[in-house]
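A.B. asks: What follows is each chain in one-letter form.
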Amino acid sequence: MGRFLLTRLWQSAVTLILASIVIFVGIRALPGDPALAMAGEEASPEQLAQIRAELGLDQSLPVQYLNYMGQILTGDLGRSTRYGTEVSAMIADTLPVTLFLSVYAILIAVIIGIGLGVLAERRKGRWPEWMANFAALIGLSVPNFWLGILAILWLAVGLGIFPASGYVEFSSDPLRSIYHLTMPAFILGASIMAVIMRQTRASMLETMQTDYVRTARAKGLPPSRILLRYGLRNSLIVVVTIVGLQLGGLISGAVITEQIFGLPGFGRLTLDAVFTRDYPVIQAAVIIVTFGYVLINLVVDILYSVINPKIRVGASS
Amino acid sequence: MTVVESSHELGSNRGKVLRSLRSAPLGMLGLGMLVTMAALALLAPVLAPHSPTQVHFEAPFQQPLTVGFLFGTDDLGRDILSRMLYGIQVSLQVGLLSVALAVVVGVPLGLLAGFWNWLDGIISRLTDLMLAFPFLIIAVGLAAINGPSLTNVVIALGIAQVPTMIRVVRGETLRIKSTDFVTGAVAMNASGPRIMLQHVLPNCTSAIIVQATVIMPVAVIGEAMLSFLGIGVQPPTPSLGIMLADAQQYIGRSPTAAIFPGVAIAIICLGFNLFGDALRDALDPASAKK
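Quick note, the sequences are listed as chains D and R, same order.
Position one of the first sequence corresponds to residue 1 (UniProt numbering), numbered consecutively onward.
Position one of the second sequence corresponds to residue 1 (UniProt numbering), numbered consecutively onward.
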């Protein structure tokens, strides 16, 4: 376990350093000269040189890179060129919305996905299984943002059950907040739900045919106990893996879900920054998503090896 | 020479694969959907009743089945059917190009990683690096640097698919490397590159084709998504994603405008998923029994 942990930590560290270099090079490739932008068109060459020196742009690239990393690691993400506010404050405002939405979506996907998967396995060869297969195929073929538009059309515009857009702070009114986020969370979680359902069904089908389940049955254990202790426990490994694998998709999905439902989250912030060429905000968004993604994957891998000691991912290869 | 012949699994099984494919009704349905969509895309200039960008200010928000506008018109009075035909063209074009990019970059790297152990570590780190950037973030970054465009979409979607392509080809290479005919080729003193290109690569073909059918729907949805967000294909080029973004603005007034483009995306992706499943079963009969 210790060796696995060390290997995995080392790999993540290398990935993070390489990713930060890529991001740094990407920032250098951005159009426009930051010193010129600050000084204005009619600045004298001396003024430009002075601003360059202040920004550290006259130093060698490796030194600039180290300075840049130092800034990021101390939480200094710069100021928005559009609003003049601290980028870190803007992110602190919007990130909780996205995290809330994502966690809610994963919860819905896991609970309903496992439930439907078990149901499909229990009723094999009958309509719940057909429905589950069909839903899984649709979940893979239909873009979730279109599903979101259809949901707005049907549930919000047509039936008026859910609000079409808008966000309520959790702290001000928890129930209304959850209510507002329910439709977006369902849409965001739909494709993960489809995959979890399909995999839960497959893994249950396999487990229920094993010798140890037969032994458990022969011992006279109640079916519910067998289902929970043997069937579901094995499916859990699959579910953790899927959630881990789908996190990248979840990030992209959150951006588009926020856009459709008008939620003031991190994804909206990033997109608006792209449209208004607010480079400090774009940089911060890319850094946070990339670093967050690598770290989450690390956690998922460790979690994975804890649940299933048989597989220490990456340790042998 | 017998060594070379026996190393072509795909070639010798072609008849069997085709028979297996033909007896899979869902796979044939998927193929039918794809052929139809491809035909619609290719024949768009002939089939489209109007120019996809031509506005009819006198006829906005026409309902479907209106004379002259089979699927109705959008907020600017543009013909939805014509825009969809050209949008499907863009979808398939982006899908094919990003698959091509994933193959061109991923296949050589996968071959090298599987064939030479000392390269495996380096290529694994490269794969991890690429996986660190979700495709939307690549797209956002490229849009910030170059401005949004169709090329960016292709690069973002293609790069995002490279890691899985590397893994698939690497796995196949490892498998084939340990077979008898490769050992035989080594014994006959064949050079490394020669073994890789003549024996290993041809036997990876079926895995690469199956992976391509997995990538295509992801790329088609990805294009629609980026264009929907405004960082993909730029107007006036028609895209199914842009049509959906426009339609959401006036969804209460003209709901069908938000439905048709989505159906087109779903048919393309369903086609690839159904056909891809059948193809995988046909090429690898062991997986079909599961």
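Since the hints were made in silico from the structure, they are not lab data.
Computed from a predicted model, the values in this text were never measured in an experiment.
The reader is advised that the hints may include incorrect statements.
Said to hold, decoys possible - With a straight-line Cα cutoff of 25 Å, these simulated SDA-like cross-link-like pairs (lysine to any residue) come out:
id, chain 1, residue 1, chain 2, residue 2
1, D, Lys124, R, Lys177
2, D, Lys124, R, Ser124
3, R, Lys177, R, Gln93
4, D, Lys124, D, Pro31
5, D, Lys124, D, Tyr230
6, D, Lys124, R, Phe61
7, R, Lys16, R, Asp180
8, R, Lys177, R, Ser124
9, D, Lys124, R, Asp281
10, D, Lys124, R, Asp180
A.B. asks: Please go over all the hints and tell whether each is borne out by the structure.
C.D. replies: These are the hints, each one checked on the structure:
The straight-line distance between the Cα atoms of Lys124/D and Lys177/R is roughly 40 Å, outside the 25 Å bound, and the hint therefore fails. Restraint check: the Cα-Cα separation between Lys124/D and Ser124/R comes to about 41 Å, which exceeds 25 Å; the hinted pair is violated. In summary, the hint linking Lys177/R to Gln93/R is not supported, as the alpha carbons are separated by about 35 Å, beyond the 25 Å threshold. For the hint pairing Lys124/D with Pro31/D, the CA-to-CA distance comes to about 58 Å; that exceeds 25 Å, so the pair is violated.
Of the supplied pair hints, the one linking Lys124/D and Tyr230/D holds, its CA atoms being roughly 18 Å apart against a limit of 25 Å. Between Lys124/D and Phe61/R the alpha-carbon distance is near 47 Å, which puts this suggested pair outside the 25 Å criterion. Under the criterion of a C-alpha separation no larger than 25 Å, the hint pairing Lys16/R with Asp180/R is consistent with the structure, at around 23 Å. Distance restraint check for Lys177/R and Ser124/R: the Cα-Cα separation of roughly 19 Å lies within the 25 Å cut-off, and the hinted pair is therefore satisfied.
Pair hint Lys124/D plus Asp281/R holds up; C-alpha atoms about 22 Å apart against a cutoff of 25 Å. Simply put, Lys124/D and Asp180/R have alpha-carbon atoms about 42 Å apart, too far for the 25 Å limit, and the pair is violated.
Checked against the numbered hints given earlier, this structure breaks hints 1, 2, 3, 4, 6, 10; the rest are met.
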